[in-house]
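Undergrad: Chain by chain, the residues run as shown.
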Amino acid sequence: DTEVTQTPKHLVMGMTNKKSLKCEQHMGHRAMYWYKQKAKKPPELMFVYSYEKLSINESVPSRFSPECPNSSLLNLHLHALQPEDSALYLCASSQDWATPDTGELFFGEGSRLTVL
Amino acid sequence: GIQVEQSPPDLILQEGANSTLRCNFSDSVNNLQWFHQNPWGQLINLFYIPSGTKQNGRLSATTVATERYSLLYISSSQTTDSGVYFCAVEGRSNYQLIWGAGTKLIIKP
Chain A
1 DTEVTQTPKH
11 LVMGMTNKKS
21 LKCEQHMGHR
31 AMYWYKQKAK
41 KPPELMFVYS
51 YEKLSINESV
61 PSRFSPECPN
71 SSLLNLHLHA
81 LQPEDSALYL
91 CASSQDWATP
101 DTGELFFGEG
111 SRLTVL
Chain B
1001 GIQVEQSPPD
1011 LILQEGANST
1021 LRCNFSDSVN
1031 NLQWFHQNPW
1041 GQLINLFYIP
1051 SGTKQNGRLS
1061 ATTVATERYS
1071 LLYISSSQTT
1081 DSGVYFCAVE
1091 GRSNYQLIWG
1101 AGTKLIIKP
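Sequence lines, in order, name chains A and B.
Each residue of the first sequence is one higher than the one before, counting from 1 in my numbering.
Each residue of the second sequence is one higher than the one before, counting from 1001 in my numbering.
The hints are simulated quantities; they were obtained by calculation from the structure and are not laboratory data.
Hints are not guaranteed to be accurate.
Straight-line Cα separation of at most 27 angstroms, DSS-like style, residue types lysine-lysine; simulated pairs [stated by the list, open to error]:
(1) A:K36 / A:K9
(2) A:K53 / A:K36
(3) B:K1104 / A:K38
(4) A:K9 / A:K41
(5) A:K22 / A:K53
(6) A:K38 / B:K1108
(7) A:K41 / B:K1108
(8) A:K40 / B:K1104
(9) A:K18 / A:K38
(10) B:K1108 / A:K40
(11) A:K41 / B:K1104
(12) A:K41 / A:K22
(13) A:K9 / A:K22
(14) B:K1104 / B:K1054
(15) A:K19 / A:K38
(16) A:K40 / A:K53
(17) A:K38 / A:K9
(18) A:K19 / A:K36
(19) B:K1104 / A:K36
(20) A:K36 / A:K22
(21) A:K53 / A:K19
(22) A:K9 / B:K1104
(23) A:K38 / A:K22
(24) A:K40 / A:K9
Okay, chain A solo, but in the shape it has when bound (with noise of 0.2 angstroms):
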């Protein structure tokens, strides 16, 4: 069981379509964060969110664009994707960000996306 859900599981999209990602974790963390992986490749962070701002932007292309409504929920609305934004798309969060102890981060099961 996760504490961190996300939705959907697969997003099949096309390059002119607009879609989004959401997350949502119950655990009271003060940090969530959007993280990329492509196959055999380790996560790469694209947005770290603490107290419901915008705290890293790993320069990610502005067809990503990131939004927190709220301390549970994280959202990462899609627009023009590109091919080559196929990926395995991680939400995580954190007690916290930016201090000596964050503490563990914990996954979503992923959203798998392809890009048509």
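Go by the hints and put chain B onto chain A.
TA: Showing chain B alone in chain A's frame:
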């Protein structure tokens, strides 16, 4: 930046065998975490272990921070242990997790 190296890159074992996975890092860190990614992509946090030794069932981990390495021990392997094991460290200067390339473990029945 911090470099994280994991070894071995691949490991194939028979069910019931024991294994040791290693993670070396190049600088002082705030914390170190071990993760298991199953074949369906789910990443599970195994240990949050900046130093010392922890045990959880058949798994245990030891981090020697002064010598900049961590070891993950898996005893009496089961087929469900298959997957990729990642080590990730948090640097002291920018609080971002730096990931190793992973160790792919295959447990054969």
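Undergrad: Decide, hint by hint, whether the structure agrees.
TA: Now for the hints, and whether the structure bears them out:
1. A:K36 / A:K9: 14 angstroms, holds
2. A:K53 / A:K36: At roughly 20 angstroms apart (the allowed maximum being 27 angstroms), A:K36 and A:K53 satisfy the hint.
3. B:K1104 / A:K38: The given pair, whose Cα atoms are some 15 angstroms apart, holds under the 27 angstroms limit.
4. A:K9 / A:K41: 19 angstroms, holds
5. A:K22 / A:K53: 17 angstroms, holds
6. A:K38 / B:K1108: The given pair, whose Cα atoms are some 25 angstroms apart, holds under the 27 angstroms limit.
7. A:K41 / B:K1108: Cα-Cα ~23 angstroms, so holds.
8. A:K40 / B:K1104: Since the Cα atoms of A:K40 and B:K1104 sit roughly 9 angstroms apart, the hinted pair holds (cutoff 27 angstroms).
9. A:K18 / A:K38: Holds, at about 21 angstroms.
10. B:K1108 / A:K40: This hinted pair holds, its Cα atoms lying about 20 angstroms apart.
11. A:K41 / B:K1104: 11 angstroms, holds
12. A:K41 / A:K22: Satisfied, since the Cα-Cα distance of roughly 23 angstroms is no more than 27 angstroms.
13. A:K9 / A:K22: 10 angstroms, holds
14. B:K1104 / B:K1054: 22 angstroms, holds
15. A:K19 / A:K38: 20 angstroms, holds
16. A:K40 / A:K53: 31 angstroms, violated
17. A:K38 / A:K9: 16 angstroms, holds
18. A:K19 / A:K36: Distance of about 16 angstroms is within 27 angstroms: holds.
19. B:K1104 / A:K36: 19 angstroms, holds
20. A:K36 / A:K22: 14 angstroms, holds
21. A:K53 / A:K19: 22 angstroms, holds
22. A:K9 / B:K1104: Within the cut-off at roughly 23 angstroms; holds.
23. A:K38 / A:K22: Between A:K38 and A:K22 the Cα gap is close to 19 angstroms, so the pair holds against 27 angstroms.
24. A:K40 / A:K9: 19 angstroms, holds
Violated hint for the displayed structure: number 16, the only one.
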